[in-house]
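Colleague: Let the hints inform the model, and build the full structure from the sequences given.
So you can see what is in the structure, the chains are spelled out below.
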Amino acid sequence: DAGVIQSPRHEVTEMGQEVTLRCKPISGHDYLFWYRQTMMRGLELLIYFNNNVPIDDSGMPEDRFSAKMPNASFSTLKIQPSEPRDSAVYFCASTLLAGPNEQFFGPGTRLTVL
Amino acid sequence: KQEVTQIPAALSVPEGENLVLNCSFTDSAIYNLQWFRQDPGKGLTSLLLIQSSQREQTSGRLNASLDKSSGRSTLYIAASQPGDSATYLCAVPFSNAGGTSYGKLTFGQGTILTVHP
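Read top to bottom, the protein sequences are chains A and B.
Under the numbering used here, the final residue of the first sequence carries the number 114; numbering is consecutive throughout.
Under the numbering used here, the final residue of the second sequence carries the number 231; numbering is consecutive throughout.
Because the hints were derived from the structure by calculation, they are not lab data.
Because the structure is a prediction, the values reported are computed rather than measured.
Mixed in with the good hints, there may be bad ones.
As the list claims (entries may be wrong) - Below 30 Å or equal to it, Euclidean Cα-Cα: the simulated DSS-like pairs (lysine-lysine) are:
hint: 1; chain 1: B; residue 1: LYS218; chain 2: B; residue 2: LYS115
hint: 2; chain 1: A; residue 1: LYS78; chain 2: A; residue 2: LYS68
hint: 3; chain 1: B; residue 1: LYS115; chain 2: B; residue 2: LYS182
hint: 4; chain 1: B; residue 1: LYS115; chain 2: A; residue 2: LYS68
hint: 5; chain 1: B; residue 1: LYS156; chain 2: A; residue 2: LYS68
hint: 6; chain 1: A; residue 1: LYS24; chain 2: B; residue 2: LYS218
hint: 7; chain 1: B; residue 1: LYS156; chain 2: A; residue 2: LYS78
hint: 8; chain 1: A; residue 1: LYS68; chain 2: B; residue 2: LYS218
hint: 9; chain 1: B; residue 1: LYS156; chain 2: A; residue 2: LYS24
hint: 10; chain 1: A; residue 1: LYS78; chain 2: B; residue 2: LYS218
hint: 11; chain 1: A; residue 1: LYS78; chain 2: A; residue 2: LYS24
hint: 12; chain 1: B; residue 1: LYS218; chain 2: B; residue 2: LYS182
hint: 13; chain 1: A; residue 1: LYS68; chain 2: A; residue 2: LYS24
hint: 14; chain 1: B; residue 1: LYS156; chain 2: B; residue 2: LYS218
Modeller: Written out as C-alpha cells, the structure reads:
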C-alpha cells in the first residue's frame, strides 16, 4: 500500500482565498483524521470520520473550515476564506478500528497564507 | 480528561548512548499506546504500538514498555545513532467524562532528540 496520500504538499496563497487540501486514506481503513500542527499549539485534531461520516468536529476552529468525505477513499479539508493565522502543516491520518488501531499519517500539507 | 506529558522536552546525547524517553498519561483506562517519530518538515511515522494487554513491544533497537497502573510508558533506544535525531511523540486514545473515543488520540508535546557524532 502507498500509505496515506496528501496533496498538495505545499500551498502558498493570499489571505481571503479558498484553500482545499486533499487526502486519500489507506485502503480498507474506516477512520480518517485531519490534524493541524503549529509550533505554538502542537498537534491538534480538527475533525475525524468513521465510515465517511463526521464523528467529531469540535476541533474545527471556525466556520471557515469545512471537511467532507464523499467516499471511503477521499477526503477534503477546505478553508474559505483563508487567513494568515491558518498557516500550519495539515496532516491526514487513517486507521482501522477492528485491529490494533495503529494510526498512520500522511506526509502533510504545508500551508502558508500571506 | 486524558492528558499526556512527555519528559524530557529535549535531549542531546553522544552517539552510542542508550537512552530513555518518558511518557505519562492521566487516565489509565487506555486500550493502547502509540509511539511516533517526526523528522523536521515531515509527517509522523508510527514506531511501536502497545496494546493494553501487553507490557512491551520491540522493534530493532527500540523497546517500548507500558505500565497502565502507573500511567507510564517508556521508549528505550539502544546504541543511539545520529539518524535517530527527531521528535518522538507518544499518543493514547482520547477520553473524558463521557468515555473513550475510539480512534481519536491525545498526543504529548514530544521529546526532541539530538544524537551527535
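Colleague: Give a verdict on every hint.
Modeller: Right, here's what the structure says about each hint:
| no. | hint | result |
| --- | --- | --- |
| 1 | LYS218/B x LYS115/B | holds (13 Å) |
| 2 | LYS78/A x LYS68/A | holds (8 Å) |
| 3 | LYS115/B x LYS182/B | holds (16 Å) |
| 4 | LYS115/B x LYS68/A | holds (28 Å) |
| 5 | LYS156/B x LYS68/A | holds (24 Å) |
| 6 | LYS24/A x LYS218/B | holds (18 Å) |
| 7 | LYS156/B x LYS78/A | holds (22 Å) |
| 8 | LYS68/A x LYS218/B | holds (18 Å) |
| 9 | LYS156/B x LYS24/A | holds (17 Å) |
| 10 | LYS78/A x LYS218/B | holds (21 Å) |
| 11 | LYS78/A x LYS24/A | holds (15 Å) |
| 12 | LYS218/B x LYS182/B | holds (19 Å) |
| 13 | LYS68/A x LYS24/A | holds (12 Å) |
| 14 | LYS156/B x LYS218/B | holds (21 Å) |
The structure meets every hint from the earlier list without exception.
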